[in-house]
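Following the hints, complete the assembly by docking chain Y onto the known chain W.
There are 2 protein chains.
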Amino acid sequence: MSPAERLPAPARELLKGDRRALARLISAVEDHDPAALPSLRALYRRTGHARVIGVTGPLGVGKSSLLNALLKRLREQGRRVGIVAVDPSSPFSGGSVLGDRIRIERPPGDDGVFVRSMASRGHTGGVAAATREVCRLLDAYGMDTILVETVGSGQVDVEIREVATTSVVVLVPHLGDEVQSLKAGLFEIADVFCVNKSDLPGAETAAKDLGELLGLGPASSGWRPAVVTTSTKDGTGVDSLWSAIEAHEAYLDRAGLRASQERERLGQEIVGMVAERVARDLRDGIDRDPELAQLLEEVVARRIDPQSAADRLYRDRARRR
Amino acid sequence: MSPAERLPAPARELLKGDRRALARLISAVEDHDPAALPSLRALYRRTGHARVIGVTGPLGVGKSSLLNALLKRLREQGRRVGIVAVDPSSPFSGGSVLGDRIRIERPPGDDGVFVRSMASRGHTGGVAAATREVCRLLDAYGMDTILVETVGSGQVDVEIREVATTSVVVLVPHLGDEVQSLKAGLFEIADVFCVNKSDLPGAETAAKDLGELLGLGPASSGWRPAVVTTSTKDGTGVDSLWSAIEAHEAYLDRAGLRASQERERLGQEIVGMVAERVARDLRDGIDRDPELAQLLEEVVARRIDPQSAADRLYRDRARRR
Chain W
1 MSPAERLPAP ARELLKGDRR ALARLISAVE DHDPAALPSL RALYRRTGHA RVIGVTGPLG
61 VGKSSLLNAL LKRLREQGRR VGIVAVDPSS PFSGGSVLGD RIRIERPPGD DGVFVRSMAS
121 RGHTGGVAAA TREVCRLLDA YGMDTILVET VGSGQVDVEI REVATTSVVV LVPHLGDEVQ
181 SLKAGLFEIA DVFCVNKSDL PGAETAAKDL GELLGLGPAS SGWRPAVVTT STKDGTGVDS
241 LWSAIEAHEA YLDRAGLRAS QERERLGQEI VGMVAERVAR DLRDGIDRDP ELAQLLEEVV
301 ARRIDPQSAA DRLYRDRARR R
Chain Y
322 MSPAERLPAP ARELLKGDRR ALARLISAVE DHDPAALPSL RALYRRTGHA RVIGVTGPLG
382 VGKSSLLNAL LKRLREQGRR VGIVAVDPSS PFSGGSVLGD RIRIERPPGD DGVFVRSMAS
442 RGHTGGVAAA TREVCRLLDA YGMDTILVET VGSGQVDVEI REVATTSVVV LVPHLGDEVQ
502 SLKAGLFEIA DVFCVNKSDL PGAETAAKDL GELLGLGPAS SGWRPAVVTT STKDGTGVDS
562 LWSAIEAHEA YLDRAGLRAS QERERLGQEI VGMVAERVAR DLRDGIDRDP ELAQLLEEVV
622 ARRIDPQSAA DRLYRDRARR R
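Protein sequence lines correspond, in order, to chains W and Y. Taking this note's numbering, the leading residue of the first sequence gets 1, the next gets one more, and so forth. Taking this note's numbering, the leading residue of the second sequence gets 322, the next gets one more, and so forth.
Please note that the accuracy of each hint is not assured.
To be verified - Selected chain Y positions facing chain W (in silico; Cβ < 8 angstroms):
#1 Tyr365
#2 Leu395
#3 Gly588
#4 Val595
#5 Ala600
#6 Ile607
#7 Pro611
#8 Leu617
#9 Ala630
What the hints assert, rightly or not - Residues from chain W that face chain Y, not an exhaustive set, calculated with beta carbons under 10 angstroms:
#10 Val113
#11 Val115
#12 Arg277
#13 Arg280
#14 Arg303
No wet-lab data here; the hints were simulated from the structure. Don't be surprised by glycine CBs; every beta carbon is placed ideally from N, CA and C.
Extracted from the complex, chain W is given alone in its bound form (with noise of 0.2 angstroms):
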């Protein structure tokens, strides 16, 4: 049995090192397009290999700057990086709202860089499932680290944390009132804050008053947030900041939680596949059985409940299977 020779030809190039195989894949994730999903099965034997970090904090808080300054001290490190920026969406359209927004940029000729911006669509769930595969591609490519940028709206950036392994949240000093509850949303979901644009007044205030807020909350996991500050106009603090991201993943690994953590998360992926094909299963019904139509129709007319009637579906399915 020799797997190479088995794999699709998507994969075979992209495993070659085929930017443009893996632009295509990439694509067709977005796309749903069914045609790859020979290509992501066969692929996902060589992934398991990156680290997925989030990077996620409120529109103007410098996160690309942040980002660029990153990519470069990981490159001169050596390491092949991905970068992934989700943008949101219109929940409707599925149009991206803020335009093609990404803003980092590959060095030219860079082979060990790969950048994409993708569209969040506002799918619940699709966002992390589709981010999810595409790191796996870039893993599978090759890539040793992954950056997943997103915008700090709320659900999203909890979703990506099923995603990643280790989540940065930036803020800046000084943020208005409007983005007072999206900091409290982030708050939870931070293993490393970064303060940016530590040249501003007020940095190391806002840092301190982090640390004591984090300081006063319960250390119920065993890692306690790290604060870090970091200016991207003179790259101040990139490299504490990637140092307390290193310590992050050091941590899972000691405690024995990224096998743990990877377990659940690919058992709550795989659960998720098969409840939303069940739920097609009946949305369809509901189109093409009569029987089903039926008990919708009871339902509007107020004669049967909504609970009841699903757990008549339920049992349905149970009995004719």
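Only chain Y this time, still in chain W's reference frame:
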């Protein structure tokens, strides 16, 4: 068969107009208390009369004042009003992020108003489900108009659209850069735009710009969002806001959309409940069934890819049952 006699006690008390019974059942929904299920099921048949209006927008745009002004107007018309304020909550602890944020006041002794604040809890899908049940309780209690307030932080607002028949998005003339993305994300969920704080400079321009922007877009659904300006300082525009909401509700009836959207929503709700139960069965299976646990180990070891594992699980379920 006398349906009234077969009602569980809490449901019977609610129907008699007992506010404490209503409050207790709402708490039970929030706590996912299974003891409330028989009442919820029984009360479903008494629902379908209330209009549910979603009101969303970023923090600081004056939603609470606006809701107070709307409430006053609706009470003058003799309407019975329920208000549900969905608070952004921490996705992990489930605690409310902004504390007890609601600032809507029930006129003392006025039994025609019921106000309730609830945490969104960060459960994807769960916010809509809980809000839907709370609206049903208020509906069964006899409230004919239900206002659901959310904070405009993305996913939650989209979910609330699954519950509300008319969605109002509240904005102010000048929003910081930080909320531009929120604003954009809210764009397509709005049936009515409300530019509040019209006493501030720039309000008319903002409304005009918005109107032009909307005029340029496709009116594919046959409804072009209305734009109204309000000032809760002097009460200007609150009548126009309510008229715009009523115009959209009338449009839903005229176009036959109320019935089709209701059918679509109930179908999604039922399918979602069955899929969730299947997912729970599977998660339990991974914990207890050695065969499923082994399958997950194979995925962790990268000998099987997640999609193939999901396919096998899906087929096994079909065979076993």
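Structure-based check of each hint:
1. A distance limit of 8 angstroms between C-beta atoms decides the matter here; for Y:Tyr365 the minimum to chain W is near 4 angstroms, and the interface restraint holds.
2. At about 25 angstroms, the closest approach between the beta carbon of Y:Leu395 and any beta carbon in chain W exceeds 8 angstroms, and the interface hint on this residue is violated.
3. Because the closest C-beta pair between Y:Gly588 and chain W is about 5 angstroms apart, less than 8 angstroms, the hint holds.
4. With its C-beta approaching chain W no nearer than about 5 angstroms, Y:Val595 sits inside the 8 angstroms limit, and its interface hint holds.
5. Checking Y:Ala600 against chain W: minimum C-beta separation of about 4 angstroms stays under 8 angstroms; hint holds.
6. Hint status for Y:Ile607: holds, given a least beta-carbon distance of 5 angstroms to chain W, under 8 angstroms.
7. With its C-beta approaching chain W no nearer than about 14 angstroms, Y:Pro611 sits outside the 8 angstroms limit, and its interface hint is violated.
8. At a threshold of 8 angstroms, the smallest CB-CB gap from Y:Leu617 to chain W is about 5 angstroms, leaving the interface hint in force.
9. For Y:Ala630, the shortest C-beta to C-beta distance to chain W is roughly 5 angstroms, which falls under 8 angstroms, so the interface hint holds.
10. Because the beta carbon of W:Val113 sits about 26 angstroms from the nearest beta carbon in chain Y, more than 10 angstroms, this interface hint is broken.
11. Annotation: W:Val115 was flagged as interfacial toward chain Y, and the flag is violated, the nearest CB pair being 20 angstroms apart, outside 10 angstroms.
12. Below 10 angstroms, beta-carbon pairs count as interface contacts, and W:Arg277 has one with chain Y at about 5 angstroms; its hint therefore holds.
13. For W:Arg280, the interface hint holds, since its Cβ comes within 10 angstroms of a Cβ in chain Y; the closest pair sits about 9 angstroms apart.
14. With its C-beta approaching chain Y no nearer than about 7 angstroms, W:Arg303 sits inside the 10 angstroms limit, and its interface hint holds.
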